[in-house]
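S.K.: For reference, the chains in residue letters:
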Amino acid sequence: MLPLAGRPMLEHLLNAVMDAGVTEFIFVVGYGEASVRNFFGDGTSRGISIRYVTQKRQQGTGDALMTVRPHVHSQFLLLNGDMVLHTDDIGAMLKTPAPAMGVFTSSHPQDYGVVTMDGEIISGLEEKSLHPKSDLINAGMYLFEPGIFEELTTIKPSPRGELELTDALMTYIQNKTLRGVRLGFWADMGSPWDLLGVHEEMMTQIISEHQGIIEEGVVIKGDVQIGPGTVIMSGSYLEGPCIIGADCKIGPHAYIRPGTAIGNTCHIGHSSEIKNSIIMDNTNVPHFSYVGDSVIGSGCNLGAGTKIANLRHDKGTIIIGGTDTRRRKFGAVIGDDVLFGINCSINVGSVIGNHCRIGPHALVEGRLNDHTVIRR
Amino acid sequence: MSMQAVILAAGEGIRLRPLTQNKPKALIPVANKPIIEHTSLSLLEAGIRDIIVVVGYRKEQVMRHLSHLSVPVMIVRQTEQLGTAHALLSARDRIAGDVLVLPGDNYIDPDSIRDIARIKNSLLYTTHRQPSNFGVVTIEEDTVTSITEKPVLASRMTVSCGVYHLGAELLNRITLPSLSEAIDDEIRQGTRITAVKAHSWQDAIYPWDLLIMNDRLLPFISPEKSGTISSSVIMQGKVSIGAGTKIGPGTVITGPVIIGDDCTIGPHVVIEPGTSIGSRVKIEPFTVIRRSILMDDVVIASHSSISGSVIGEGCTLGEYTSAMYASGFIPSGDAAIRAGCGVIMGNGVFCKPSVMFENTIVGNEVTIEGRTDLRFSCTRIPDKTRVI
Chain A
1 MLPLAGRPML EHLLNAVMDA GVTEFIFVVG YGEASVRNFF GDGTSRGISI RYVTQKRQQG
61 TGDALMTVRP HVHSQFLLLN GDMVLHTDDI GAMLKTPAPA MGVFTSSHPQ DYGVVTMDGE
121 IISGLEEKSL HPKSDLINAG MYLFEPGIFE ELTTIKPSPR GELELTDALM TYIQNKTLRG
181 VRLGFWADMG SPWDLLGVHE EMMTQIISEH QGIIEEGVVI KGDVQIGPGT VIMSGSYLEG
241 PCIIGADCKI GPHAYIRPGT AIGNTCHIGH SSEIKNSIIM DNTNVPHFSY VGDSVIGSGC
301 NLGAGTKIAN LRHDKGTIII GGTDTRRRKF GAVIGDDVLF GINCSINVGS VIGNHCRIGP
361 HALVEGRLND HTVIRR
Chain B
1001 MSMQAVILAA GEGIRLRPLT QNKPKALIPV ANKPIIEHTS LSLLEAGIRD IIVVVGYRKE
1061 QVMRHLSHLS VPVMIVRQTE QLGTAHALLS ARDRIAGDVL VLPGDNYIDP DSIRDIARIK
1121 NSLLYTTHRQ PSNFGVVTIE EDTVTSITEK PVLASRMTVS CGVYHLGAEL LNRITLPSLS
1181 EAIDDEIRQG TRITAVKAHS WQDAIYPWDL LIMNDRLLPF ISPEKSGTIS SSVIMQGKVS
1241 IGAGTKIGPG TVITGPVIIG DDCTIGPHVV IEPGTSIGSR VKIEPFTVIR RSILMDDVVI
1301 ASHSSISGSV IGEGCTLGEY TSAMYASGFI PSGDAAIRAG CGVIMGNGVF CKPSVMFENT
1361 IVGNEVTIEG RTDLRFSCTR IPDKTRVI
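Chains as they are written, first to last, in this note's numbering: chain A, 1 to 376; chain B, 1001 to 1388.
Here chain B stands alone, though its shape is the one from the complex (with noise of 0.2 angstroms):
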């Protein structure tokens, strides 16, 4: 199949902070690996080898790591993020014929991929509890008959994954900024945009997202065994280890879950399922992990309780940490919303021993210190912030 791809990785994904400060949301590792890889992957499953990657904010970073990746894959800078449209547009002089078009940072399955690449002239997509996050579309039999970005009220549940399918026609008549308004425009001129239904898809649009995203793609690790583990280790379900990590004996994992390389575990921790652990991470005694992603380097001291958690990079949180899934409103600029974890801290937090946290977001390089016991519940952690 000689089709060419267009990831759009040039976004920063703003309702991803603090965990976008640093860098872009297509690099942000669920299942230990960056977003971005998961879709290149379903895309090379899916037999599409032409992969051209739109880069923009922190583009470095995203360059740095898409040189590692197994596939050669073409880049084009986006200088300004002015939208979706536009960033296809920079690529524009690369692309030969039809294209498919997807973000960088959604997981889609490779079925939906080959589905999609049969059909010129159409989009992708799918049912959403709450549609007003997304482009909301009309489907009649199987035309989209409108598209909406992100409306006040959404008339039905039916949202597009960002994942299209356009002819070279469709492509050099586009415009405007926004891919959904090109192709909204589009459709009152006439075009028909057949509906594919995606078989697998899933978007992050707060951090807590990410979570359920990590559910999703889990069930897929290969369930390899590295490092030194020790024999009264019980390990069920998929559970993969990474090379160099040591596990110590009474610890207790139950799958799906990845481990990074050169960790430190145990002895007696508890994982549960549904748990990502990146590399050089120390767990002490102890302490139980569920439902979590802990990213590269963190260390949690001993008789810690993290559950719908993800911890940022370089995080240091000390004993009797408590992280505990509830859900509510966190405070959002002048409005609140809707949000449902443990707590979700940016980059190199420090946390004293015995600090509770509830569905809470904690910034980038935040110092919690002092002697009384502290419990946040329901509330935002600004970035550099040093508590008391």
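Bound conformation, chain A alone (with noise of 0.2 angstroms):
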């Protein structure tokens, strides 16, 4: 349900399938379960069926695939939620005889699971290795007749205590009948930084449309949208692409740059920048602040004057936890709930989780789990 362009992810997925011609959905769901059935519904406002199944216990994609066994009597497309795929590549899938999996040609195949091919067949399926076989990457999309259930019976639980649904790809694999499909654009969400990328290009697709009240002396270049109850203030300077979700106060004297999506109810106040960023509902950043390329989760507070950087002085790649970015430019992930006391300054690829509480004053950096609480 994270935000892409101002609409969740999951929806931007559920559009493309849509207008492959698809019409009825099963939803796999667990955590976060009502917001996501409160959202879509049952399908009706979008002319298609809806119906959710709910994965109790969070065993592995194997586990997953069989709780909709008993609503699932034909050959059906399974799709992980957490990516952005184009219709066309749907559509070709659909065409395509079952069961097949959707390939990418990615260029750092060591983060996923990596396929190689002969001719239309997959050949082989190894999880993630330091040393890939090939690009071509498991896309996580694939097209099964009921079958595929007598196989996931036969799996065992991976060292993860999970059903892995790729174990049960094995013999599809070994008898030479999987056949892979070669995806013109995908794109995954795993990590935070995944994220800002495709937002980032979803972004210049936008289209300028003005809501709410727009005072004088506000200046907005380029394609913005505003939603219904929002008071942009005078002196605020707005650069497009960006979103601005309903009942926002944005100024006055704020900076809104390319890339920005901002949630609803939201306070971007005086003399703060924001570009690049991701910030969800009720969030506020007042006074003074400086926000660049980071995802910023709901009801959260930077005091006055409390920054991000988004910038090594080296302008080497930003490095989280071990893992690279592969981006130059990034700021800041921080959860729900995460209160800033005035003037803190946020360190370049730091990850901040739910509810930690940040007196003033502090320098934070590194990954802080929940909770965590930084005072003088």
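Wrong hints could be hidden among the right ones.
Taking lysine-lysine pairs in the DSSO-like style, the calculated list, with each CA pair at most 30 angstroms apart, reads [as the list claims (entries may be wrong)]:
| hint | chain 1 | residue 1 | chain 2 | residue 2 |
| --- | --- | --- | --- | --- |
| 1 | A | Lys315 | A | Lys329 |
| 2 | A | Lys221 | A | Lys315 |
| 3 | A | Lys329 | A | Lys307 |
| 4 | A | Lys128 | A | Lys156 |
| 5 | B | Lys1120 | A | Lys156 |
| 6 | A | Lys128 | B | Lys1033 |
| 7 | B | Lys1246 | B | Lys1059 |
| 8 | B | Lys1059 | A | Lys156 |
| 9 | B | Lys1246 | A | Lys307 |
| 10 | B | Lys1282 | B | Lys1352 |
| 11 | B | Lys1033 | A | Lys156 |
| 12 | A | Lys128 | B | Lys1197 |
| 13 | B | Lys1246 | B | Lys1120 |
| 14 | A | Lys128 | A | Lys307 |
| 15 | B | Lys1197 | A | Lys133 |
| 16 | B | Lys1384 | B | Lys1282 |
| 17 | B | Lys1120 | A | Lys128 |
| 18 | A | Lys133 | B | Lys1352 |
Partial pick of chain B residues on the chain A-facing surface, computed with a CB cut under 10 angstroms [stated by the list, open to error]:
| hint | residue |
| --- | --- |
| 19 | Glu1224 |
| 20 | Gly1227 |
| 21 | Ser1230 |
Keep in mind the hints are simulated off the structure, nothing from the lab.
No residue lacks a Cβ here, since even glycine has one placed at the ideal position from N, Cα and C.
Put the two chains together into one complex, using the hints given.
M.R.: Here you go:
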């Protein structure tokens, strides 16, 4: 449900699949179930049917798929909810005989499950490895016959104690029946920096729409979406593409730069600059702050003068907990309900958990778990 | 990969006493995780899922710990500790084919496990400065020509890591109680045993070796912070702090350092690299800790200096305690062993203020009281001693 260009990630995926002609959906939900149900409902408003199945245990992709067994009796498309796809690739997938798997050419295959192909047929699949055998990766999109459920009953739990769908595919691979469909576009949101990368791209496609009140002396350049009930106060300077949700208060004298998506009921106040960031609902950046290339959850407050760094002095790529984000500019990832005192400095690549409390004038860096407190 | 692995965790590790008096060697925490957990994680990372653990000495403790692991393991009991091959054979009924055998009290990296898993009938070896504490192997090309367990005079610096990949046929032929003797016997019968060089391996024969193992494992910790940390704490390098821990103002921590849950540290404490601190530990102001392992529930009062030390669970050290690294001989039975440490302390030691330790082993539940300043150097204080 994380927002991308002002809409939940899942809605982008749902739209792409709908446009490819699919009308019946089953959502396997677990964590954050209520928010998904409330947002999408039964699908009638979109002219489709959506049913929900709850995965009570988080025991792997195989287990998640097993929960839909009673509801599926024909060929079906299986998709991970945390990725972005294009409609024409989904269309191509639907024309392929099942079983089939979507594959994508990646510049960093070592971060994913890697596949090797022999013509159209997938000849091998290996989990994350430092020395991948090819640059083709498993995109997490499959076309299956109900026979897959039989395969799933034969596999053993992985070291994580989870049933892995990929283990069930081994029989298909051995029998040379699993087809690979090369995708033209694919982006996964496994990590917040992936989110920001896709967000940037999606923001270029938005269309200008001004609702709410725009006071005199506001400068708006490029495509900017402003939601109902929002007030943009004098002296604010907005550079599109950017999205501002409903019931927000922006300014006076706020500077909103390209790539910014602000949720609903947010306050971006005087002398605050926001660049290429996602700020979720009910978060305030009221006075004298800089936020760049960051993702901030909902219900946060940045005290006056709190700033987020987004560039290293050596201009190197930013590494978070040993993982290279491959981004030269990246600020921080901040969870929900995080409160900062005045004049905090947040260093590049910080990851701050939910419900953290940071006292005034603190330097925050590295990874903070949920409920961490930094004080005088 | 459908390979099975057997972890041998039945032994006590007598040379690690007093630390092993109350828990087996495999459960001693290094970088805040029992040694056996590091081994299990390496196996998982190398893709080996089917794990059997042989338990014996204080088996209830090992079993209780294994039940908390995120991976399901099978547990087999060895009724008497007769030897490594005997331990392996206690799991005979559970082994389907070829098997990987690993000691539960050594650190082995995933790459070495991947390498040895590829070659049937092989053993992992490395070079060691004190080979006579281990099984010394002679190697020609990449074939093992002999193994001699703990020789009086070692002819080579190459030692066996105690990690073997054994084929099902070889396993069926084992009759001797010691695995190295059984393999040596096999070599003499003409079986080819391939020698595979280890990437990273660390055993702890004596307590001070735990500090070397700690040095080796700490760089892999994930630097995550929790708890309540003062904004004037200075942290550099990889530092991990557990939930509920409070770090007071002016504390300086230089990683790699790991600190467990619910500790109280500082204000004004200095923690230097190579230090692992367990849970519920209290370190009072103006104390410095260097390259040491402090287990759970330790209290170190103010103005103390602890370096190169291993402090067992629940020890209380008074103000101005000083443990300085020194090397020299410590009496051990009728002989003496060469040691290098500050102090190695068993569990539940109480130590009055202003005591100095150098290269000393203090047994479990020792009480050091009295009024005069005391200095212990190159000595061993037996369990439950009262020093007045």
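S.K.: Please go over all the hints and tell whether each is borne out by the structure.
M.R.: Now for the hints, and whether the structure bears them out:
{"no.": "1", "hint": "Lys315(A) with Lys329(A)", "in the structure": "holds, 8 angstroms"}
{"no.": "2", "hint": "Lys221(A) with Lys315(A)", "in the structure": "holds, 29 angstroms"}
{"no.": "3", "hint": "Lys329(A) with Lys307(A)", "in the structure": "holds, 15 angstroms"}
{"no.": "4", "hint": "Lys128(A) with Lys156(A)", "in the structure": "holds, 19 angstroms"}
{"no.": "5", "hint": "Lys1120(B) with Lys156(A)", "in the structure": "holds, 25 angstroms"}
{"no.": "6", "hint": "Lys128(A) with Lys1033(B)", "in the structure": "holds, 25 angstroms"}
{"no.": "7", "hint": "Lys1246(B) with Lys1059(B)", "in the structure": "violated, 35 angstroms"}
{"no.": "8", "hint": "Lys1059(B) with Lys156(A)", "in the structure": "holds, 28 angstroms"}
{"no.": "9", "hint": "Lys1246(B) with Lys307(A)", "in the structure": "holds, 25 angstroms"}
{"no.": "10", "hint": "Lys1282(B) with Lys1352(B)", "in the structure": "holds, 16 angstroms"}
{"no.": "11", "hint": "Lys1033(B) with Lys156(A)", "in the structure": "holds, 27 angstroms"}
{"no.": "12", "hint": "Lys128(A) with Lys1197(B)", "in the structure": "holds, 25 angstroms"}
{"no.": "13", "hint": "Lys1246(B) with Lys1120(B)", "in the structure": "violated, 51 angstroms"}
{"no.": "14", "hint": "Lys128(A) with Lys307(A)", "in the structure": "violated, 36 angstroms"}
{"no.": "15", "hint": "Lys1197(B) with Lys133(A)", "in the structure": "holds, 25 angstroms"}
{"no.": "16", "hint": "Lys1384(B) with Lys1282(B)", "in the structure": "holds, 23 angstroms"}
{"no.": "17", "hint": "Lys1120(B) with Lys128(A)", "in the structure": "holds, 25 angstroms"}
{"no.": "18", "hint": "Lys133(A) with Lys1352(B)", "in the structure": "violated, 62 angstroms"}
{"no.": "19", "hint": "Glu1224", "in the structure": "holds, 5 angstroms"}
{"no.": "20", "hint": "Gly1227", "in the structure": "holds, 6 angstroms"}
{"no.": "21", "hint": "Ser1230", "in the structure": "holds, 6 angstroms"}
Hints 7, 13, 14 and 18, counting from the list given before, are not met by this structure.
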